[in-house]
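1448 is the number of the first residue of the sequence shown in this note's numbering; add one for each residue after it.
FYI, nobody ran anything at the bench for these hints, they're computed from the structure. Every residue, glycine too, gets a C-beta built ideally from N, C-alpha and C. Some clues are possibly wrong.
For lysine to aspartate or glutamate, the following EDC-like pairs were computed, each having C-alpha atoms within a straight-line distance of at most 16 Å [said to hold, decoys possible]:
#1 1571 <-> 1675
#2 1454 <-> 1770
#3 1450 <-> 1770
Cβ-Cβ distance ranges computed for the label pairs, FRET-style [claimed, not checked]:
#4 1744 <-> 1619: 53 to 59 Å
#5 1559 <-> 1744: 34 to 40 Å
#6 1571 <-> 1618: 43 to 49 Å
#7 1694 <-> 1717: 52 to 58 Å
#8 1614 <-> 1500: 21 to 27 Å
#9 1464 <-> 1691: 18 to 24 Å
#10 1619 <-> 1532: 29 to 35 Å
#11 1772 <-> 1532: 37 to 43 Å
#12 1531 <-> 1597: 25 to 31 Å
#13 1625 <-> 1522: 25 to 31 Å
#14 1495 <-> 1744: 20 to 26 Å
#15 1591 <-> 1498: 41 to 47 Å
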Amino acid sequence: MLKYFIKRLALTIPTFFALMFVTFMAIRLVPGDPVEVRVGEHGISPERLAYFRHELGLDQPVWKQFLDYVWKLLHGDFGVSLSTNAPVLHEFLTLFPATIELAFCAMLFAACIGIPAGAIAAVKRGSWYDQTIMALSVTGFSMPIFWWGLVLVMVVSVDWGLMPVSGRIDPIQYYFEPVTGFMTIDAWLSGQDGAVGDALRHLVLPAIVLGTIPLGVIARMTRSSMLEILNEDYVRTARAKGLSPLRVFGVHALRNALIPVITVIGLQVGTLMAGAVLTETIFSWPGIGKWLIESINRRDYPALQGGVMLVSTVIILVNLCVDVLYGVINPRIRHGH
1448 MLKYFIKRLA LTIPTFFALM FVTFMAIRLV PGDPVEVRVG EHGISPERLA YFRHELGLDQ
1508 PVWKQFLDYV WKLLHGDFGV SLSTNAPVLH EFLTLFPATI ELAFCAMLFA ACIGIPAGAI
1568 AAVKRGSWYD QTIMALSVTG FSMPIFWWGL VLVMVVSVDW GLMPVSGRID PIQYYFEPVT
1628 GFMTIDAWLS GQDGAVGDAL RHLVLPAIVL GTIPLGVIAR MTRSSMLEIL NEDYVRTARA
1688 KGLSPLRVFG VHALRNALIP VITVIGLQVG TLMAGAVLTE TIFSWPGIGK WLIESINRRD
1748 YPALQGGVML VSTVIILVNL CVDVLYGVIN PRIRHGH
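Could you put the whole structure together from the sequences, leaning on the hints where they help?
This is the structure:
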């Protein structure tokens, strides 16, 4: 198992360096001058403009800027934001709990509905249950996040008034200093009546929007895996022994069918992070996605580079954990079968 883990860990190292290169070069292709954006509409002399460029290292050749960037990154220095003058790592750690909370609730929503729906579709194969569930999963998978978010805001929040339009909690009714950064936990720690319920109400629509695409993927994967497992010999043997359908379905079929589903859930972390950029923008959710969009608008190179690298590192580590977990569940994977 240790050898398998070291092998998987070694594969992430070139991925990490390739990611650094692509991130650095892609951000350099963003149109606009960060120095001009930084000074705004205030006119400054060419000497002062040259000073700012030298201060940011933008007067150096691109290859030297890249080497400096890699060297600092390997020493844990993600730079300082051009717009706030705060360390990028500090800003990331302050905002990341909001994105984690949203992504966790979105995946919980997707798994709690997608796994049962896919299992029912497999058991009722060919019926109208199966066709309806698969049609809905394809619809959810194909639906643009931006359009889906605006529809829910206009119908559920504006027309029906059932859910808040934006934010993480009502700042007029509830105020408390953040402790963990997770609003539902901080609301509970504050001891204020109704604070937890208000935080959960703010989570509902963003979680549904962000979880819709993973829901469709999980439902389809669960159905496909269940159909394969239900035709295995050991499932037929369990039926022949006279075991109840519920025991055959729950213990012998569904448990084994969840192995590839776990892998898919891990791979959906990247989808959630990409979707969070749009979802947080729609609902004014103060997380990493909204922060990255604002960094692009401000041409804030350090914040953008650092934010992308930190998010990508999290995705790489999650995929590594999924690979290791998959190897634990299925020993044949560790031996390359």
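Verification of the hints:
{"no.": "1", "hint": "1571 <-> 1675", "in the structure": "14 Å, holds"}
{"no.": "2", "hint": "1454 <-> 1770", "in the structure": "11 Å, holds"}
{"no.": "3", "hint": "1450 <-> 1770", "in the structure": "13 Å, holds"}
{"no.": "4", "hint": "1744 <-> 1619: 53 to 59 Å", "in the structure": "28 Å, violated"}
{"no.": "5", "hint": "1559 <-> 1744: 34 to 40 Å", "in the structure": "36 Å, holds"}
{"no.": "6", "hint": "1571 <-> 1618: 43 to 49 Å", "in the structure": "47 Å, holds"}
{"no.": "7", "hint": "1694 <-> 1717: 52 to 58 Å", "in the structure": "36 Å, violated"}
{"no.": "8", "hint": "1614 <-> 1500: 21 to 27 Å", "in the structure": "38 Å, violated"}
{"no.": "9", "hint": "1464 <-> 1691: 18 to 24 Å", "in the structure": "54 Å, violated"}
{"no.": "10", "hint": "1619 <-> 1532: 29 to 35 Å", "in the structure": "30 Å, holds"}
{"no.": "11", "hint": "1772 <-> 1532: 37 to 43 Å", "in the structure": "41 Å, holds"}
{"no.": "12", "hint": "1531 <-> 1597: 25 to 31 Å", "in the structure": "29 Å, holds"}
{"no.": "13", "hint": "1625 <-> 1522: 25 to 31 Å", "in the structure": "29 Å, holds"}
{"no.": "14", "hint": "1495 <-> 1744: 20 to 26 Å", "in the structure": "24 Å, holds"}
{"no.": "15", "hint": "1591 <-> 1498: 41 to 47 Å", "in the structure": "45 Å, holds"}
Checked against the numbered hints above, the structure breaks hints 4, 7, 8 and 9 and satisfies the rest.
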